[in-house]
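Chemist: Chain residues, written in single-letter form:
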Amino acid sequence: MSENIKAGAVSHRRLTTQMHIDQSGLPSQAADVVQRVVRRTRLWPREREDVTRELIAHFADGLEAGASVDQLIRDFGDPEKAARLIRRAKKRNRPWWWHTQERLGQLLLVLVAVYLGLWVWLMTGKPQPSVDYIAQLNAAAMAVPSDQAAWPIYREAAIAYKLNQFDTSPLYVKEADKRLHLARPDDSQWSAMVAYLDRHAELIDMIHQGAARPGLGFIAGHDMDITQRDRLAFYGEEQATVIEQPTEDRSYAQQLAEESLIGVLLPHLGMMRKMAELMVADMRLAAVAGDGARIVKDMESIIGLARHAREIPLVVNDLVGVSILSMGLREVSDILHHRKQSLDVAQWIQIAHLLASIDPLMQVRFEGERMFMYDTLQRVYAPNGQITSEGMKYLLHLDQLIVTTNHNDASYQQLSMSMGLPLVYIVMADRGQMQTKYDHYMDLTAKRAVKPFWQQLSEPSESKLFVDQLMSSNLGFVRYWPVVVLAPALDGVSGTMANLIALRDAVQVAIALELYQRELKQYPDTLGQLVPRYLPTMPVDHSTGKELLYRMVDGQPMLYGRGLDGDDDGGLMSKKALRALASDKPG
Amino acid sequence: MRIERELMRGAGPIAVLKLLERGEMYGYELVEALARQTDGVLAMGQSTLYPMLYNLEAKGLVASRVNDDGPRSRRYYRLTTKGKRRLVHATQQWQAVSKVMHSIGLTTLQSGGVA
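Note that the protein sequences, when read in sequence, are chains A and B. Everything in the first sequence is counted per this note's numbering, starting at 28 for the first residue and increasing by one. Everything in the second sequence is counted per this note's numbering, starting at 137 for the first residue and increasing by one.
Just so you know, the hints here were simulated from the structure itself, not pulled from any lab data. Watch out, some of these pointers could steer you wrong.
Taking lysine to aspartate or glutamate pairs in the EDC-like style, the calculated list, with each CA pair at most 20 Å apart, reads [unchecked claim]:
| no. | chain 1 | residue 1 | chain 2 | residue 2 |
| --- | --- | --- | --- | --- |
| 1 | A | 118 | A | 76 |
| 2 | A | 118 | B | 193 |
| 3 | A | 108 | B | 140 |
| 4 | A | 478 | A | 361 |
| 5 | B | 218 | B | 204 |
| 6 | B | 220 | B | 160 |
| 7 | A | 491 | A | 466 |
| 8 | B | 195 | A | 466 |
| 9 | B | 195 | A | 129 |
| 10 | B | 195 | A | 77 |
| 11 | A | 478 | A | 574 |
| 12 | A | 108 | A | 77 |
| 13 | A | 108 | B | 142 |
| 14 | A | 189 | A | 304 |
| 15 | A | 301 | A | 229 |
Using the sequences provided together with the hints, build the complete structure.
Modeler: Have a look at this one:
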């Protein structure tokens, strides 16, 4: 009913306008002019009625004044021009809200046009990765001559002894609190460990051979790049032939993700840690047997394994190297405590020299982490620096690589990312800005990492503050969110390195004390007496930067630091610290 | 004489305001007055008069009303207060221009003519 009334009202207006013309009594030519003008104005019905009545009056007045129709029509002018001018002028008389609406509508049209234009422009852009960061990552490995590479030896050892499923648990004893320690001669498991190591003597020899090589030579890559032989070493026979191949219909974004640096696999690291565990166990066995030469050889191999693990310059590789070295150092410390007579003076000096040589292995490197970001940037942005649709999809795929997402959600996200691309372009930093921001963060991290640890502890972390600042600002977070997401939390790595350096230094001092005692039949009164004959320089406590502390307890030397609180507690340790020392199983 | 469009653009609306100063007038009345009182010089195309009136109305310089009395319905236009002020201002400007043009010999002053 209401629709009929509405339609009736509109047609009533049209009728009214036509009625006015029909009832005007104007000659047909004049009526025709009025009709043409009014129709062409395309005004609101009420406005058209007003104009109709006014123009009718105009022609009627003119005729009444004695002018002819032709003259009136001639003097009136072009109906189309009249309609145009009348429309423009009448619209000026419309209410303010109409004008506001008109302006907003025009603005919206302009914005939509600009948005669509921008969308089209951005959709034409495509990332074109031009730098092979995987090759850069593998540069050191590729430089190792094949006859000097350790990897082939490790690989064959892994295949022969199925290191992918190798169980090192026979080496450890589980305590009541579920912590593990390497079996000791007084443990019931000791003989089992001895038998275990005896069964794997050939494996241990192979590890020695490999560790003696100057380089590892393992080329990292994606799953599809792993050779058949390597696959056998990593996954065993069952999984050796299962290779994840790229699908035929994969999108460009998928291709970007599947060929990215972030997708590179490092399955050799787990294997190398297991090999290090074997070396440590062998050191213990050698110490019990009083075989100092074998202890030195095992320590050499541990250092070799650590050096090989670090061949690829990523933080994860450095940390595996740290873990391997820590295992070795803790075993040396244990030998010093329980079986120091198993090495003669010359052998202790050899160990000391070995420990002095690991300085280059105790530095954290960040160039690999930078490569992650640079590789990401070249897969997100076009060469001219603009964000791309494929790049945004690549970031989504990255998210899927790291965090599993529902496929349907991913499709929706991909669509919304494409349509939202102009918004991303406006808000998100361009390639140059993103890289500058990231480099600044990494520069702050690197600057902090080279400072002495005790100095790092006393100063706020500029890199952490930098990220916190980005995250606290909504605009900063959105503008630089790849930096926020990909910036690794590296401050903790410095602490790990500092612990390793502290452990190494402490063992060095302990060895120096042992050498002093063997020569002079007594321990020194102060640590200063060890320098320079037994120690080139006196190491410091890395928590405080001050001297290490030393005292005799029950005729045995005790070396300790002040700890983070800076107090001299006489070497007392918390239960937690003692338990940590007691556990030998690497974390 | 046909006046250039740019000159008409400035003069036309002022002429209409001036005519309305005397009292309200309807469309054709204005057309006739313009042609008659200006000797046809400001006889603008009639299709431009009505848009001009609507523009003046949009600016608040004139107001209109419909008068259904008489032989037919007519819309009458009158000057508003704002229109009167604008007319005064425009008059001053035109007088100044006229004076300057006379001083450089472009025009001659005529009696009872120029307002």
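Chemist: Hinted pair, alpha-carbon criterion (20 Å max): residue 220 of chain B, residue 160 of chain B. Please report holds or violated.
Modeler: Measuring from Cα to Cα gives roughly 13 Å; hence the hint holds.
Chemist: When you check the alpha-carbon spacing of residue 108 of chain A and residue 77 of chain A, does it fall within 20 Å?
Modeler: The hint holds at about 18 Å.
Chemist: With a cut-off of 20 Å on the C-alpha distance, tell me whether residue 478 of chain A and residue 361 of chain A pass.
Modeler: Not satisfied, since the Cα-Cα distance of roughly 30 Å exceeds 20 Å.
Chemist: Keeping to a limit of 20 Å between CA atoms, is the pair of residue 301 of chain A and residue 229 of chain A held or broken?
Modeler: Holds, at roughly 15 Å.
Chemist: Take a quick look at whether residue 118 of chain A and residue 76 of chain A sit within 20 Å of each other, Cα to Cα.
Modeler: holds, 14 Å
Chemist: Holds or violated: residue 195 of chain B with residue 77 of chain A, Cα cutoff 20 Å?
Modeler: holds, 19 Å
Chemist: Given the proposed pairing of residue 195 of chain B with residue 466 of chain A, does the C-alpha separation stay at or below 20 Å?
Modeler: violated, 60 Å
Chemist: Below or equal to 20 Å on CA atoms is what counts here, so check residue 108 of chain A against residue 142 of chain B.
Modeler: holds, 17 Å
Chemist: For the pair supplied as a hint, residue 118 of chain A and residue 193 of chain B, is the alpha-carbon distance within the 20 Å limit?
Modeler: holds, 11 Å
Chemist: For the pair supplied as a hint, residue 218 of chain B and residue 204 of chain B, is the alpha-carbon distance within the 20 Å limit?
Modeler: violated, 27 Å
Chemist: Hint check: residue 189 of chain A vs residue 304 of chain A, CA-CA at most 20 Å. Holds or violated?
Modeler: holds, 15 Å
Chemist: With the threshold set at 20 Å, check whether the alpha-carbon distance from residue 491 of chain A to residue 466 of chain A stays at or below it.
Modeler: Holds. Residue 491 of chain A to residue 466 of chain A sits at ~14 Å (cutoff 20 Å).
In this structure, the hints that do not hold are numbers 4, 5 and 8, in rising order.
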